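Q: Sequence:
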Amino acid sequence: MKKVLITGGAGYLGSTLSDHLLTNGYKVTVLDNLMYNQISLLHLFKKNGFKFIQGDVRDSENLKKIVKNHDIIIPLAAIVGMPACDANPELTIAVNYNQVKSILQVLSDNQKLILPNTNSQYGSSDSIITEESPFNPLSLYAKTKCDAEDAMLSNGNGVSLRLATVFGVSPRMRTDLLVNDFVYKSINDGYLVLFEAHFKRNYIHVQDIARTFQFIMENYSSCKGQAFNVGLSSANLSKLELAEKIKTHIPNLVIKEDNFKEDFDKRNYIVSNDKLESLGWLPMFDLDYGIKQLISAYKLIINKNNQNFTNL
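The opening position of the sequence shown corresponds to residue 273 in the numbering used here, with each subsequent residue numbered one higher.
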């Protein structure tokens, strides 16, 4: 039974991934400092093969000791998004970049490293984005992810997953992600105000990300040393198109465009996921599924600004 280390495993992606891998027969160790006081892993303690270590990836010596005892390393611990990164640049560099450097210092040829990365590296482009497209990071978050990927690919032992904007329900819910945020506002406010509504992004369900990590783990030899875009090919949508999609599920939703204000987030791109799909990977959860899931789940969330549901 393979042993997987997930740093930041109590977060939005990690809590979903940990559950998925345990269900599929892997042993999972989560290293997390619980900086948001989350209890997202509580349900996993009843499962065989689960271990939790409360600790910080900035403690490089402890991290290196833990890494050596695992077959597969997934460094999910990160300061995520422009606002959180800009609020604490030193912390962002330490967690998003230095963590990966520490792992690479002790990683053996027999171990597997799968690096969660982001479409944000591409910034803004008028062309269809492939894995060969140049980076154009527009934020500190994207810059640290570029640097981490460069370090890993230079090492030769690793796979980078450039994830689309994630949506869907997770044990550690986040309402600040675009789809999740739009659905929440649609339910509770009854309207959406869109800035630069033509900006496009690609999207992917959190459960499909968990499936992607497992797919790479089980096809590592053919993926090693490469980067892959991970998203729904059917969901390269502008913010306006996304809002209109949500309106099909919430008919009374009012959509307004504000053409006088700019969005501080300038990401704008269409992403090709052909490279990963050519290996046989395909998503299972489309945008409509995720929107319906969110509408049901948000009955439990009264205040989206609660620290349990945001990374700020």
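Be aware that a few hints might be false.
Using 27 Å as the maximum straight-line C-alpha spacing, the simulated BS3-like pairs for lysine-lysine come out as follows [to be verified]:
1. Lys340 x Lys275
2. Lys373 x Lys496
3. Lys373 x Lys319
4. Lys571 x Lys457
5. Lys517 x Lys496
6. Lys496 x Lys274
7. Lys519 x Lys547
8. Lys340 x Lys373
9. Lys336 x Lys323
10. Lys415 x Lys533
11. Lys528 x Lys571
12. Lys519 x Lys538
13. Lys547 x Lys457
14. Lys319 x Lys336
15. Lys564 x Lys415
16. Lys517 x Lys457
17. Lys415 x Lys336
18. Lys336 x Lys274
19. Lys564 x Lys457
20. Lys519 x Lys571
21. Lys337 x Lys318
22. Lys472 x Lys415
23. Lys275 x Lys373
24. Lys340 x Lys319
25. Lys564 x Lys533
26. Lys517 x Lys564
27. Lys336 x Lys275
28. Lys472 x Lys547
29. Lys457 x Lys496
30. Lys496 x Lys538
31. Lys533 x Lys547
32. Lys571 x Lys538
33. Lys457 x Lys472
34. Lys547 x Lys571
35. Lys457 x Lys528
36. Lys496 x Lys528
37. Lys373 x Lys318
These are computed hints drawn from the structure, not numbers from a lab.
Computed from a prediction, not measured in an experiment: that's the story for all the values here.
Q: Now, for every hint given, state plainly whether the structure supports it.
A: For each hint, the structure was consulted:
For a cut-off of 27 Å, the pair hint linking Lys340 to Lys275 stands: about 11 Å separates their Cα positions. Of the pairs offered as hints, the one joining Lys373 and Lys496 holds, with about 18 Å between alpha carbons and a cut-off of 27 Å not exceeded. Pair hint Lys373 plus Lys319 does not hold up; C-alpha atoms about 32 Å apart against a cutoff of 27 Å. This hinted pair checks out: Lys571 and Lys457 have alpha carbons roughly 13 Å apart, not beyond 27 Å.
Distance check on the hinted pair: Lys517 and Lys496 sit about 37 Å apart at the alpha-carbon level, beyond 27 Å; violated. In summary, the hint linking Lys496 to Lys274 is supported, as the alpha carbons are separated by about 18 Å, within the 27 Å threshold. For the hint linking Lys519 to Lys547, the alpha-carbon distance of about 32 Å lies beyond 27 Å, and the restraint is violated. Taking the CA atoms of Lys340 and Lys373, the gap is near 14 Å; set against the 27 Å cutoff, the hint holds.
A hinted pair counts as satisfied when its Cα atoms are at most 27 Å apart, and Lys336 with Lys323 qualifies at roughly 17 Å. For the hint pairing Lys415 with Lys533, the CA-to-CA distance comes to about 26 Å; that is within 27 Å, so the pair holds. Among the hinted pairs, Lys528 with Lys571 is consistent with the structure: their alpha-carbon atoms are about 25 Å apart, no more than 27 Å. Taking the CA atoms of Lys519 and Lys538, the gap is near 24 Å; set against the 27 Å cutoff, the hint holds.
About 35 Å separates the Cα atoms of Lys547 and Lys457, which puts this hinted pair outside 27 Å; it is violated. Distance check on the hinted pair: Lys319 and Lys336 sit about 26 Å apart at the alpha-carbon level, within 27 Å; holds. At roughly 34 Å between alpha-carbon atoms, Lys564 and Lys415 are farther apart than 27 Å, so this suggested pair is violated. Proximity of Lys517 to Lys457 is assessed by CA-CA distance (about 14 Å); at most 27 Å being required, the pair is judged to hold.
For the proposed pair Lys415 and Lys336, the alpha carbon gap of about 24 Å is at most 27 Å, so the pair holds. As the CA atoms of Lys336 and Lys274 are separated by approximately 18 Å, the hinted pair is consistent with the 27 Å bound. A threshold of 27 Å between alpha carbons decides the hint, and for Lys564 with Lys457 the separation of about 14 Å falls inside it, so the pair holds. For the hint pairing Lys519 with Lys571, the CA-to-CA distance comes to about 18 Å; that is within 27 Å, so the pair holds.
Restraint check: the Cα-Cα separation between Lys337 and Lys318 comes to about 26 Å, which is no more than 27 Å; the hinted pair holds. Proposed proximity of Lys472 and Lys415 is supported: the alpha carbons are some 20 Å apart, at most 27 Å. Of the supplied pair hints, the one linking Lys275 and Lys373 holds, its CA atoms being roughly 21 Å apart against a limit of 27 Å. With a C-alpha separation of about 23 Å, the suggested pair Lys340 and Lys319 falls inside the 27 Å cut-off, and the hint holds.
A distance of roughly 30 Å separates the Cα atoms of Lys564 and Lys533; the hinted pair therefore is violated under the 27 Å criterion. Among the hinted pairs, Lys517 with Lys564 is consistent with the structure: their alpha-carbon atoms are about 11 Å apart, no more than 27 Å. A distance of roughly 15 Å separates the Cα atoms of Lys336 and Lys275; the hinted pair therefore holds under the 27 Å criterion. A distance of roughly 20 Å separates the Cα atoms of Lys472 and Lys547; the hinted pair therefore holds under the 27 Å criterion.
Restraint check for Lys457 and Lys496: the C-alpha separation of about 41 Å exceeds 27 Å, so the hint is violated. Taking the CA atoms of Lys496 and Lys538, the gap is near 31 Å; set against the 27 Å cutoff, the hint is violated. Distance restraint check for Lys533 and Lys547: the Cα-Cα separation of roughly 37 Å exceeds the 27 Å cut-off, and the hinted pair is therefore not satisfied. With a C-alpha separation of about 31 Å, the suggested pair Lys571 and Lys538 falls outside the 27 Å cut-off, and the hint is violated.
Of the pairs offered as hints, the one joining Lys457 and Lys472 holds, with about 19 Å between alpha carbons and a cut-off of 27 Å not exceeded. A threshold of 27 Å between alpha carbons decides the hint, and for Lys547 with Lys571 the separation of about 38 Å lies outside it, so the pair is violated. Proposed proximity of Lys457 and Lys528 is supported: the alpha carbons are some 13 Å apart, at most 27 Å. For the given pair, Lys496 sits about 45 Å from Lys528 by alpha-carbon distance, which is inconsistent with the 27 Å threshold.
Restraint check for Lys373 and Lys318: the C-alpha separation of about 33 Å exceeds 27 Å, so the hint is violated.
In the structure shown, a violation is registered for the earlier hints numbered 3, 5, 7, 13, 15, 25, 29, 30, 31, 32, 34, 36 and 37, in ascending order.
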